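A.B. asks: The lines below spell out each chain.
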Amino acid sequence: MEALLDIAEFSVTYPTVRGRVTAVREVTLQVREGEVLGLVGESGSGKSTLANAIMTLLPDSAEVSGRMAFAGQNLYSLDRATRRRLRGNGVASVFQDPFTALNPVVKIGRQLIEFQRQKAGRSAAEAKLLAIDMLGRMGISNPAGRMNQYSFELSGGIRQRVMIAAALLTEPRLLLADEPTTALDATTELQVIELLKSSRHLVRGSIVFVTHDLGLVAELCDRVAVMYAGEVVEVGATQSVIANPRHPYTRALLACDPRRMVAPTRRFLTIPGKAPDPVSVIHGCAFASRCTEVLAGCAVERPRRWPAAGEEYARCLRLPT
Amino acid sequence: MINPSLTVASLVVSYSAGGLFGALGRGGRRVEVIAGVDLEVDPGETVALVGESGCGKTTLARAILGLTPITSGQVRVNGVVASGPGDLSWRPIRRQVGLLFQDPVASLNPRMTVASLVTEAFRIHRVGGVDLREEAQRLLRQVGLPARFLDHYPHQLSGGQARRVSMARAMALKPKLVIADEPTAGLDLSVQGEVLNLLVELRETQAVSFLLITHNLAIARHVADRISVMYLGRVVEAGPTGALYSEPAHPYTRALMSTRGGMETAARTVLRGEAPDPRKRPPGCVFSARCDFAQARCTREAPAARALPNGRTVSCHFPLTGVAA
Numbered sequence: 399m400e401a402l403l404d405i406a407e408f409s410v411t412y413p414t415v416r417g418r419v420t421a422v423r424e425v426t427l428q429v430r431e432g433e434v435l436g437l438v439g440e441s442g443s444g445k446s447t448l449a450n451a452i453m454t455l456l457p458d459s460a461e462v463s464g465r466m467a468f469a470g471q472n473l474y475s476l477d478r479a480t481r482r483r484l485r486g487n488g489v490a491s492v493f494q495d496p497f498t499a500l501n502p503v504v505k506i507g508r509q510l511i512e513f514q515r516q517k518a519g520r521s522a523a524e525a526k527l528l529a530i531d532m533l534g535r536m537g538i539s540n541p542a543g544r545m546n547q548y549s550f551e552l553s554g555g556i557r558q559r560v561m562i563a564a565a566l567l568t569e570p571r572l573l574l575a576d577e578p579t580t581a582l583d584a585t586t587e588l589q590v591i592e593l594l595k596s597s598r599h600l601v602r603g604s605i606v607f608v609t610h611d612l613g614l615v616a617e618l619c620d621r622v623a624v625m626y627a628g629e630v631v632e633v634g635a636t637q638s639v640i641a642n643p644r645h646p647y648t649r650a651l652l653a654c655d656p657r658r659m660v661a662p663t664r665r666f667l668t669i670p671g672k673a674p675d676p677v678s679v680i681h682g683c684a685f686a687s688r689c690t691e692v693l694a695g696c697a698v699e700r701p702r703r704w705p706a707a708g709e710e711y712a713r714c715l716r717l718p719t
Numbered sequence: 042m043i044n045p046s047l048t049v050a051s052l053v054v055s056y057s058a059g060g061l062f063g064a065l066g067r068g069g070r071r072v073e074v075i076a077g078v079d080l081e082v083d084p085g086e087t088v089a090l091v092g093e094s095g096c097g098k099t100t101l102a103r104a105i106l107g108l109t110p111i112t113s114g115q116v117r118v119n120g121v122v123a124s125g126p127g128d129l130s131w132r133p134i135r136r137q138v139g140l141l142f143q144d145p146v147a148s149l150n151p152r153m154t155v156a157s158l159v160t161e162a163f164r165i166h167r168v169g170g171v172d173l174r175e176e177a178q179r180l181l182r183q184v185g186l187p188a189r190f191l192d193h194y195p196h197q198l199s200g201g202q203a204r205r206v207s208m209a210r211a212m213a214l215k216p217k218l219v220i221a222d223e224p225t226a227g228l229d230l231s232v233q234g235e236v237l238n239l240l241v242e243l244r245e246t247q248a249v250s251f252l253l254i255t256h257n258l259a260i261a262r263h264v265a266d267r268i269s270v271m272y273l274g275r276v277v278e279a280g281p282t283g284a285l286y287s288e289p290a291h292p293y294t295r296a297l298m299s300t301r302g303g304m305e306t307a308a309r310t311v312l313r314g315e316a317p318d319p320r321k322r323p324p325g326c327v328f329s330a331r332c333d334f335a336q337a338r339c340t341r342e343a344p345a346a347r348a349l350p351n352g353r354t355v356s357c358h359f360p361l362t363g364v365a366a
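As they're listed, the protein sequences go chains A and B. Here the first sequence stands for residues 399 to 719, where the numbers follow our numbering. Here the second sequence stands for residues 42 to 366, where the numbers follow our numbering.
Hints were generated in silico from the structure; no laboratory data involved. Worth double-checking, as some hints may not be accurate.
[What the hints assert, rightly or not] Some but not every residue of chain B turned toward chain A, in silico, with C-beta under 8 Å: (1) Ser94; (2) Ser231; (3) Leu243; (4) Arg262; (5) Glu315.
These numbers come from a predicted model, not from an experiment. Quick reminder that beta carbons are idealized off the backbone N, C-alpha and C, glycines included.
With the rest of the complex left out, here is chain B (with noise of 0.2 Å):
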């Protein structure tokens, strides 16, 4: 059996609330950012994870390499587990993950050259007997960037070359999964598109899956095999990405995909409000005060994940499609 490039179960990260009391006193209140989430990415797959400021996407990725710790439940790095709290067990695991930050210029640090901050995880993984400067050469090829780059410094690069020497870091030890955060946040469209064109090609020639975190549902539509919506750090529907933007099983994937970016030619749903404070988590499902289809159960009764048809899953006691009336 193949193992999924990813797999995360029942995850929850949470946080201690109520300041110094709260943290030293046992039993304090917990405000959880990540209340549950199951995530699975297949090899070769692109998997976008969608949803607005505040739903926990980019703490979910910093979960998934143990840059956060995690409250409860398991992340499954292509069969490797972490076996516990602290650095030297998430080694594993970081060593088959390649992250795209979501500022690729703060994120190179300015005073290392091209070609060393590409070749840097060799050093931080200690992976000997290579030519580091051959590496970073056969790094900047695959990205497209030409050698005279390798002795350039971060200050010297443009936006779309900052992100395609963060992709070659990303892929110097041959990850099988590559994290990317808003890979193309601040660029301009005409920019945009190189980016994502390479992001397509690593794919295809690398053999390696993306979990692309997004909030540019057009840029998902387009790149992702499967979308998973996240809100107030729930999963709330997932499945393939033809299907969640034509038929949306939830009320908040249907409000998200009436905004600009998505399908746009459903007659638009503006919501009323804002998404709740994860302090004062709703009782029931987290959307219903939302939900134009809410009814009392949804304010008592927070909804599992269901199956529908086609490998879909939402989160919704009354969802809009996919289920036999």
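So here's chain A without its partners, still in its complex pose (with noise of 0.2 Å):
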């Protein structure tokens, strides 16, 4: 079946006056018609530019190399208006900070409204009663008197919930959610993790989480991509990424998250040293200087995909164990 997103190969990079920098490293990854897929890593891991070179958000001086292709477009090949607009047209998100991504002086009605006509056409009044519909499919109480409130007005959840609406009321067919519940409460958080599995059918398009969190990739993803120092590291079905990791750092990563302890501890693991300076040039694989799995060849051989055919794979020289 054809990818919706294909990307193979694919870098960025960005001069810095201490270097080039680079942010994300020869990454291949497919992402399927209608699915949900996760792309997890820590801080600097660049997943946030992987996700902002998808919506082609990327600033000007980012060098981009690679194949970066939505239904069968390669992106950076495009000239900058129609790259617009298919953004426009075919990728809505979803960010983490629902209150910077909504007009603070603009009431949240004429905002729903608005992002239907530019994105899908529809008349005014259609735009309105879709707006309503959907606030109302979203828990939220008394939706046509939501309309006429400021984003200001709203509650972190309440906001969270508006910005999912309006992601899917331009019925897009890739919906890019960057951290979509990391800014909220515990209790909210779970009130939007129900929400987004209960309104997954109301997506026809395919969904990238971007986060930093693995629990929640098991809770609402198909399949999981690692992402560390720029690359991914591992891709594959959740539950078996989960289960039965390939990459020592998908392990440690899961090893080092105390909601996985099910037994009381007061000795945490955690991943010793830092993660790679992204001026430096890595020769081998950017997680040998930590990897309690380490071989001789780690830090100067390049640990190609393993299965090399497919779209899923981990890149450690130990494969196949």
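Each chain sits in its own coordinate frame; assemble them with the hints.
C.D. replies: Next up, the structure:
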């Protein structure tokens, strides 16, 4: 089956005063039609840069190589106007902080209507009805009344629901959600997670979840891609990656999560050391200096994708074991 | 008798509402942000204060140090009580309490070196007769940072290192109690454990008690001996950690424990709506509007804290556990 998003050997670099920073390195990843893919990594892993690249929102200074094809069209070989149109019609996003994403001086309702008029070409009356209906589906009380409110009058949980409603109303082929529950309280997060699960059928397209939280991925995603130091080190079906991680970094990350430790402990596992300096040139495996299962070749030989064919792989010299 | 490290009794913190006229006029409306809180931390113990944004956990921490004026009630640290309002009367308490702020990088003065940052408390409290350089070295050793960091500035530190420096600052005057407000917020999972291990180690080697303020239930479950759950300015349930997680007595605790980070094993309780506005505090139980078990009495009469077996307390008319049927 043709992937909706086909990323191959894709890299993003920035020139800086300290030297060239490689934020995303030779990433190969497919997002299938209709699937929910989790993009997981810690700070500095490149997940946000990759997400911005998918939305074609990289700054002008970014230099891009490789392939990033959305519905068969390579985004970075198009001219800017075409790319912008494609972004408007195909990709929608939900951000971590819903407050900054909504215009504070325009009523919620007018924003929800405008999004639809621009992206889906609906009439104002039709867009209004759909917006009220969607707010109701998002579990928001008195949806017609909310249309007349401003974003600052809403709590964080309601604002995030409004953002999700806005994204869904444009019927995107790809919905990109960047840490959509990170800023929310535990009980509000649970409300939003259940909402996302129950509204999945409202999205006809694919969803990419960008998050640092493997637990969230386990709940919401069909497949997961784990990023480290700009690379995708492992991709696979969520259940099999969590139950049987192939890459040592994935294993270490899972072991650090206090949520996953059933018995109470006072000794927490960590990953000693730090991620490589982004301006340094990495010859071997980027994780080698912190890996507990390191081999002699890891510092010099860049691990290939294993298995070499197919969409699901891990990059580790120890494979296959 | 040994004094508890911290005793908070019937603490109320309120602000005047209704703008300038409300503030000037007599009998103006008051908003209670902390509405009568009792809390105790014993020597060497770690107590976690958990609750969601706006429940008053950070205000409570500030009130314990006299950084926010107390409306009524009492704070006693290691047997010492503040004798009145004003900074001077709070000094003896502040000297005995180390404070870890929420954002460690912002709380470190960017123009001071690590050496002067960790010994600032000696200067503020005019503790003489010590070699500050030596003290700084001792403190860095205690938090596991090499001495070469002494002359670093905050911008040269990573997130984990900045937290170690903040911890060294808090430990400077050998406090009996450290208040840690979200000590791992914003840290990656692979670094978070470092900070928690340090906290556990200091508790064991330095005989210090911790009041850990957090919304992260997974951390509280591992680190705390006891937990107090706050909702809208009140402690709704308190007790030993294991019991609260496995057998919550208050319906709010039950909902909280079913979120990610809690036990996650029980069926999920997805709450309706949101926490009420503290300006419109409902009559009766503050949780009643969202409670699956609420009855007529709950909306009329505020439940008083009542004792359950094993040192637990709960403020609920119809607790889910612990009472003989």
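A.B. asks: Each hint: holds or not?
C.D. replies: Results of checking the hints against the structure:
1. Ser94: 5 Å, holds
2. Ser231: 4 Å, holds
3. Leu243: This hint is violated: Leu243 of chain B lies away from chain A, its Cβ roughly 12 Å from the closest one there, beyond 8 Å.
4. Arg262: 6 Å, holds
5. Glu315: 5 Å, holds
Hint 3 from the list above is the single one not met by this structure.
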